[in-house]
Structures are given as structure tokens and as C-alpha cells.
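So the sequences go chain by chain: A, B, C and D. Residue numbers are given in full-length UniProt numbering: position 140 of the first sequence equals residue 140, and the series is strictly consecutive. Residue numbers are given in full-length UniProt numbering: position 324 of the second sequence equals residue 324, and the series is strictly consecutive. Residue numbers are given in full-length UniProt numbering: position 39 of the third sequence equals residue 39, and the series is strictly consecutive. Residue numbers are given in full-length UniProt numbering: position 136 of the fourth sequence equals residue 136, and the series is strictly consecutive.
Treat the hints with caution; some may be incorrect.
On the chain C side, residues computed to face chain B include the following (Cβ under 8 Å) [claimed, not checked]:
1) L5
2) P39
3) P43
Source of the hints: derived by calculation from the structure; they are not laboratory data. Remember, predicted model here, so these are calculated numbers, not experimental data. Glycine included, each C-beta is placed from N, C-alpha and C at the ideal position.
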Amino acid sequence: MQYVAAKTADEAVALLAGHSGMARVLAGGTDLLVQLKSGMVEPDLVVDIKRIPGMKDITPEAGGFRIGAAVSGAELGEHAGVCALWPGVVEGFNLIGSTQVQGRATMAGNLCNASPAGDAVPSLVAADAIARIHGPNGSRDCPIGDIPAGPGRTTLAKGEIVTSIFLPARPARASDAYLRFIPRTEMDIAVASAGVSLVLAADGAVASARVALGAVAPTVLLAEEAARVIVGTKLDDDTLARMAAACSAICKPITDKRGTIEFRTKTAGVMAKRAARIAYDRAGAKT
Amino acid sequence: MALDSYQKRTFKQVGTRPNRPDGVDKVTGRAMYGADATAPGMLHAKVLRSPHAHARIVSIDTAAAEALPGVKAVVTAADFGVPEDAFLRDVQDHCMAREKALYDGHAVAAVAATTLAAAKAALKLIKVQYEVLPHVTDADEAMKPGAPVVQAGRAYENVPAGMSENVTHHCEFGHGDLDAGFAKADHIIERHFKTAATHQGYIEPNACLASVTSDGKAELWVCTQGQFFYRTLCAAILGMEASQLRVTASEIGGGFGGKTMVYMEPVALALSRKAGRPVKLVLTRDEVFRATGPTVSSSMDVKIGMTKDGRITAGQAVLRYSGGAFPNTTVDMGAQAAFAAYDLDAVRTFGWNVMTNRPKESAYRAPGAPLSIYGVESVVDELCQHFGLDPLKVRLLNAATEGTKSSYGPTFPAIGLKATLEAALAHPHYSAPLGTNQGRGVSCGFWFNFGGNTCVSLSVNTDGTVGVTEGNPDIGGSRASISLMAAEELGIPYEKIRTIVADTSSLGYNDVTDGSRVTFAVGLATIKAARDAIRKMCSRAAKIWGIDEEAVEWVDGAAVPAGPNAGKFPPMTLAEIAAVSAETGGPISGHYEVNADGAGVSFGVHLCDIEVDPETGASKVLRYTVFQDAGKAVHPSYVEGQMQGGAVQGIGWALNEEYIYGADGKLQNPGFLDYRIPVSSDLPMIDTVILEIPNPGHPYGVRGVGETGIVPPLAATANAVSRAVGVRMTELPMSPPKLLKALEAKG
Amino acid sequence: MVKVLLWGTLRSAADGQAEVEVAARTFKELLDELVARYPGLEPQIRRGVSLALDGKIYREAWFTEIGPDSEVVLMPYMTGG
Amino acid sequence: MKTIHVSTTINGDPAEFICTPDETLLDVLRNRLGLTGAKEGCGTGDCGACSVTVNGRLVCSCLVLGAEAQDAEISTIEGMADADTLHPLQRAFIEHAALQCGICTPGILVAAKALLEKNPDPSDEELRYWLAGNLCRCTGYDKIIRAVQAAAAEMRGA
């Protein structure tokens, strides 16, 4: 195995594109090193992108923020601006692993690891966040939801890396939230999860919404019907019950050591309605 | 000296909370654990493990591995003999599969190489040809006729003919007329329970450093609960003489019973012997889960009858335990302990052990007892609910006490159960209000405790300090407790004493650190060794004073004339006697060797409050209080620590911990990510109430405290959950999917 | 003579008796006598037994004296964690 | 595998080592630098026994490559005491019996120190969540929480 700390994105791309064997990108390493340890992957080349200028930056852009691909959870959690604008994105990302893991883990890494249960992804999908991808043919932008292709697989082409994630601007009364179900209070992989992003109308009703579900399908599901159910409402109990049902209706989970089909299906709806309530309260609290 | 048994006294140091002697080493990273040692020329070893749950090993070709540069030795079962003794053969076969791989993760070969990377690469070059066999991992399945046979011909004589060959052991305990007892009941509840196998979950993976030289001498550095027992096993397996194998116990990073058995130490020694170099072997966490530890799993039927005023009229339990691919008798303890808390006219327990394609069971705190008591305490709780009776008062009404004929035979001497129940009843926790979706669970617990083989050597240094040499690895602060007891007996400050854990060449045989025996038995031997030294010091003082030995006694750390007739001499302190020891007859030391009995059984009562999220089935422990009889708490902080740690392990067992097997017989969750031991944010503070009902069998009244604490939490937690949601949970762990399913079934 | 209480599974090896009487002054004599009188008990006694004498449990201790009125209970060999 | 030469700072002192590209920082600390205070409990970031800080961030050293330590500032348990003066956390752990076997202790001390530097007055809940990645199997965490709070109070007073 060869380790290279790339100095520019172009260098990283050239290394990855030009390599014939197995190559892996190292950002936070919290998934990659586990895979190395278990022998699950045995790459010939590891390209560390943390030393590339800009990769650890959080930059205001067009009313939103651009998050460098190597920004850790701890760093993002300390950024007051992002926390205020996209609290659900931050809380989803910050739920990954322990404090120690937060010192290293990155959103882009969680995205590209392509686990159906990645905690950073549902909120990013709900936020309609955009990944910037650098590759042999230059840069391109891609909606977050289009990157995972299935468990452990992405749509990225050979040599392509995610260099940043863009979180767009928000209207005044808007917020988001993320909840996951785990058996313990920490240190588990999501059994079912939901990210909800809401914009409120002047009357306090939901004007628009995006709902994304994790760990209930090969990739994160955008729950469009569930979003439609809550638009125009103030999230009364009946609406929330219908929203939960709409979420459960689209789940296509598996039964494994972490949960059953029935459990995941039910819990995804519960997480979604609770996250919606939190997002709604957060948005309403903004004046 | 007629001071063997308990004598009431006022303690000066026992019962205080001084700093532990190994504290600074452990907070600065200096303490040396199993994986922390190195040796010149050391090789690194890796073990090749079966990917199949059950397979005949047709052939193993190690030629390519041996040819790999850096590889210095490869061993398989062919490098070991076949022990005649069945127990030893099982121990060895567990370390290295002989004809069959009996579980996923069973060792089939091992390599020692100059680097870990070379050892890993060599594993891939070993060609094992397997004939995959049908497997069975569930105890109930394994008992069925026609189930895959894990090992043939292993049943003990007590197993009736015609059962599955996987059934190896049967036991029955109890007394009285069950039919008559059940006939007297106003209500009878019978429930089926099932519990998954769990792991001790020690944070330090098993690790050792073995060095065998060509003249047959050997050293083994290892994290173990019993260096002497490891020596016995390793020497027997490798055909070595005990005197030539020196085993040194490293600091131990948790054991809980799981490090009472060798797993890979004989393999490391065999590799070192073959390679002619020291070999370090450290298991990965994955290997720890797949090939060390686990507890038995269980399938149980418990039937109890009760009158409407809460008197238990009869109790019966059928226990089916499985401790993996080898015969074991842990169910004996479960069957004896099941009803130990109760004074019953009619009680019967039946136990079965059944083999499955899982790793060989190792002890885990009060082995066997948490499961059967979980079943019994759940049914008692349900009967209390049925009649609307207070669960603690019902337990008090039926509680065993001095003179009760126990469910396992003997008549109880003085025991602390009633006092413990009364303490729980009076505690504010028991009367605190509960909210919606919250429940409070109660459970009794019991463990036998024992003493065992123990040697202690105590040396009085010429500067007035004292060294205590004992032979039991310190797993939870025992060096502090031993030092305290030596200080108490000698009458010198705790700080003047240093207690160390000896290697196998420096002291006589000591049993494993298990059975909650160390503070009891090593403490007892330390007190006796101190008395031996005191006798010698009194003798020296008598010589100096020119009076009879019998005319000198030991008071507050000094020899004094015994009464006015003995003569008038100022007290001669330990330091003063020690300073002239060379002049008065040579070094002064005290010794004691014993196979200690009279450990005294121990009871505990736990209270647990839980809130269940009815939409997800998640349980949160809100409040938890442990009441336990310690006889005498020598170092109360570490007594509390045992109680708290045991309780939390039991909570984990009840809520989330389990060995999950796939249809392929492979362990699905061999890591801390999915084998979910409790994390700090899962828990409240664990309150403790120590009761001190002196053990008549110990000079200071000490009882073992290490194991009882894990017994009540399974039922305390299950009873709390069941009361919170109104559904009786009869399967552990009560993981959220199971609980939610039960809630939905209830409607 | 000393009365020894056997646990359930052992009774089939002792002509179905729950309690047997043997002449013994110590545990060693007791165990030897049990094996001599009831050979079916030998496998279990070889695997290991504990003895409770008036409520106190002993794991080995051959020379422990047994009084004529002592309560003696045979138990499986105790192990712990 | 070709080794890499790394220059770094450990506990304030310059340090140099060579390692293979796949060696973790934990392997380097333990096997190449003799700093065995960080423990490997799992190797997968699930137990926290290998906790160290890298450039002031609390991390699991088993999830960091040794090669990544180039130009970094690393702190380990071995650097926590000031010569023979224990850090208040270290003292509190001894005085409050917050360790039994002690294998998790170095990681917990490093993690708790990182928290108190960020938040000198954490609630029990904040502390429990911060330490959720540090598994302890002996204590049930009770005395650990009490010890950290005692040290925090002492440090606030100092």
C-alpha cells in the first residue's frame, strides 16, 4: 500500500485516475481504517485529501455555506453559522460515532461510504445539498441524493472525488432536524432515520418540506408523499400520524442483525414525525 | 489460634477508602497489560480460524505459509498431542481444532513471523480443506432428535438414553411434594423464557507473550485471572513440567470470569517452542468475540404457585443451557441457585446441558445463576401483579433465612437476605413516584461464593515496612483491600504496606481469581500470615526483654508485655523489632497456606426504574439501586464498584447484549459496534447500599461481593419493562424490535 | 453413621434414595464409602463434588470431620467467575 | 511495504519515526515509540481506549494512520501529568476509585481532559454523552462521572 498526501485536488484526481489497482480516498478515515483493519479492502493506494487547500474550510457562499470535504464533525459543530442555518444537517452529522470519531469523520466521507444508514446523508438530501465533484474532466455539481448508488457503491466515476458540499441559503422561517433510532443512546448505526427540512408560511403553516429516510432502503429515500401530507398544516397529531404512515409506506428495508423489516418500517415513520415536529418548532422559533 | 472465625471488633483501617497502590501506574499509562510487553527477538503470531460453523478438517497444507519470508513457525493440531483427560482435551481442542472445526472462529492453525504483516500474509497461504457439516446454534434445536451432532459420545452417565447426542448433562435438585404444593396455590403461572449468549466484554483483548527455550524452560506473560491455573493447563497440554514454566500475570484489563480459561496461550507457547524465539499473540476484538468467553444461552420453563396472600406453595424450573461445542455443567449452578432466595416446602429444578456449534462457554460472574433467577423472579413478579401484591413484601414473606432448608439442599446459616429486602423496602427509591410508561422492577439475587487454594507470604522489612506477596491477579482493586487487612492486623499504616501479585515461581498455588474469592480467601490468608509474623515478632520482643513468649502480646502495631506480671517494658513497635531482626534471629516473615472454605453465600436486591418509548420499544434506565450484603466492606469504594459494575453488565444483558447468529451459523456481531454493551450515556448513577451482616467464616466477617451483583439486574430490568408497558417480557435481550413487537401484539 | 442428602440426579445411582446412610468420620471416608456402596456415583464424584456440612459449603477438604448429627449434603463442584 | 519517515511532536517533544503506510498512529505509538498507555480495545473506533489528541482534537488513534502525524501535535496519556505532579483528573480518578481494571482509564482521562478544556463545567448528561465512545466494563461509569466532576470543580476553583 502506498500513502500519498495530495497537495492539490488535481494531484489527487490524477493519482486516483491514473492508478490501475485499488485506490481509496482518505478524508477522516473513520470508515476506511476500519475496512483496512478487517481486511475488507486492501487498497494499493490511499490518497489523503486533508492537506489540499480549502478542504478543511467552511465558506459562506450565496447565503449558504460551502463545507470542505475534510471538515470534521467537531469542526462543523463548532461553526455557529452552519448550526443556525442547518441545525438538522449538523445534528445528523454529529451523531456519527463517538466524540473521537467526530474529531475525524467527514460528511463527504459518510456520503461516499454509501452506507444506507449513514447519518449525515438524510439531512443533506432533505436540505437539497449539492456536492461539488472534481474529476479528470474538471468540476461538476451533483445533488447529494444522486451520489449513493447502493450499499457501498457510488455514482462517482473513476478518479472523481467530492471536494465540498454546498448547503443553500434559507428563508427566514425555515429549519430542519434529524432523528435516528438506535438501541443505545450512542455508538450505534441507525436502524431507521429521518431528516426533515421545512419552510413555514407567514401563518405558521408548513409552506414546503423535504423528508428523507435512512436505513430503510439501499439508498436514502426522499419521502415526497410524506412531505405533501404536512404542507399546509401546522403538524397536528393527525397530520403527523398520516405523515408517519406515508413514510412507512415507502420503506423497503431488510431484516438484519440491527432490526427487522417491520421494526424499521414502523420506526422510520416515528422518527420522521418527531423530526418534523422538532424542525417545525425550530423554524417557528425564528422570527 | 482460635481466631479463625469472625470476631466482632472495631476496625481502624478496614472500612476506609485509601488510594489503591496501582493507581498512579494506571492513570499515567505506565501499568503493563497483556499486550504491553515485548521481548528481544520477539515474533508476532496470528491464528487462522474456521469460517464454518461446523466442518470436518480434511487436510491442512502449511507449506506455502512456512516458505514465506519472515515466517518462523506454523502450528496446527498435529503439533499437539491428544490428552487422555477429557477436560484437558476439550481445553486443548478449543484452543486448536483437531478433527472438526466446531464453531465459526475455531482456531485451525497459527503462524509466528517476524512481523504482524508477514504473519497475516502467511495465514492466507494456509490451505485448509473443509468438509462442511450441518450445524446447530440454538439450544432447543440442538435437543431435537435428528439435530446435527456437535460431538458424538460426550453425554455423561446422568443423561437418559434416547436423547439427542448433543445433550451431555442432566441434573435435578429440590425437595418436597410438588403436586401437593401446586394444589395449595390460588394461582399458578408457568412461563417459557429464552436468553441469548452474552460475552464478558472485557475491554482488554486476550494477549500473551510466550518464550520457550531449547532447554525446556519457558516464560509466559499473560493477562489472566489465574496464572497458576494457566500454568497447569499449558504445562499439561505442552508436556512441560510446572516448575519450568513460569507464568506471570500482567495487569488485567477486565475478566469477569472470561479470563479463567486458556484460549491461545498454549498455541503461543507451541509456536515459541517451534520457532525458538519469543512469540507475542494478541487477539483482535473480532477474535475475542468469536473464540473466547461467552456465557451459556438458555431456554427455560418456570412454574410457580402462590396463595392469594402471597405465599409461594411450589416452584419448578426446567433449564436448558448451552455452553457451546463442549460439555459443561454450568446448569448445575443455575439449577441450584434458581429458588435459593425462597423458603419453600416444594421445589424442584431440572437442568440440561446441550452442545451447539458455538465457542466454548467460559465463566461470567455467578455463572448460570443470572438466567435461572431471571426466570424465577419474573414469574414471582407476575404472580404479585396477578394478586395485586407488593413485590418486595411478597419476597420478604417467602424469604429464606437462617434455618431455611435451601432449594439446593443444605440448611442456611446466618444470611442477609431479609435485611437486604428490608433495606430496599425502606429506601426512598422504592416509594418514589413513577410517570407514564415507567415501571419499577424488583429482583433478588443469590450467589454461592467460595474460597479455594490460597497462599500468602508477608515479609517484614528492616525499615518497618511490610511486603505482602499474593497470587491472585487484581481485577478490581484487591491489592488495596489486601493491604488494608494486613495494615489492620499488623497495626501499622496502610501506606507502609505494598502488596504485589506473584508469578507462579514465587509463591505456592493459588486458585483463579473467581468465585468472589479474593477479598475473602486472600484476605483470610493475609490476616493469618500477619498473625504468623506477629507471633514471630512477639517472640523476638520476648527474647529482647528476657521474658516468656506467651507473656507478650501485640497491641496497635507493637509488642507489649501481656499484663503487669510479665514485666514492665515500653512497647516495642514493628519498626523497632524489624530494625534489629538480623541481630535477633534473622528476617521476619509470615506465611499462610489454605484451601479456604466458609466463604458464605451472598444475597442482593436490586430496584430498577425504566421508561419505555411505546412507539419504538426503546428502554431507558431512569434510576437504579443495588442492595447487597458484603459481610464487611473492606474498601467500600471497590465494593460499590463491584456492585455497580455487575449491575450495569446485567442491564446490558437484559436490554441489548446478545450473540446473533445467521442462518449460516456465523456470529453476526463480533465487535463492540453491534455487540452493544452499555455506554455512559445509557445509564443513570447506580446507587448502592452496602449491608454488613458478618460472615461467620471470616475473621473480619468478609463475604465475596464480585458476582452477586450481576444476578438480579436481568429480572429487575425485565420486571420494570414489563410493568412499564403491561406486557410480560420473557426473552432476553429485550431489544427494541422485540419489545415493540410485544407491544403491538398486545394492541 | 452419617446421613448424606443426594441431589435428584444421583438418586438413581443410590437405589432411588434421596438420603443414604454411610459410616464415615470425614469427607474422605464419606466419599470413599459412597463410591464403594454405590458405584454409580463414581463418575460424578470423580468429576467433582462439593459438600455442605451444617450449611457451610466445602469444595475439597478430605479431613473435615463430620459429627453424627451433622447435616451433610452432596453438591456439584462449585465454580465461579 | 515501503516505510515512510514522519516528523511530529508528541507531548510537546519532537519525535521522528518510520512506519509502513498501513500502520495506525496507535501501532506507531505502542510499537515504535514505546508509548503503550494508549490501548487497543477494538481497533475500530468503538471503545475509545486508544484516545489521544491530534492538533487538539480528540481522536481514536486506531483510526489515524501513522503517516498522517506528519507535522502534527499529538498528546497522549503519558504527557498528562506534569513531571511527578498528577493532573487533577488523574488524582480524582484515584481518589474516587474511578478505575477497577484500568484498561479504559488512559483513554477516558484523555477524553475527559479534552472536554474540560472545551467546557469547564459540563452537566452529567453532557459528560456522559462526551464519554459515550469510551467503553468501561468494570465500573458502570458511576464513579467515573463523579471523578470527572470532582476534577472539573477543582480545576474551576484553581
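Is the shortest C-beta separation between L5/C and chain B less than 8 Å?
Hint on L5/C: holds, closest Cβ of chain B at ~5 Å, below 8 Å.
Given P43/C was flagged as interface, is its beta-carbon under 8 Å from a beta-carbon of chain B?
Holds, because the Cβ-Cβ distance from P43/C to chain B comes to roughly 5 Å (cut-off 8 Å).
Hint check: 8 Å Cβ-Cβ cutoff, P39/C to chain B
violated, 11 Å
Consistency with the previously given hints fails for number 2 only.
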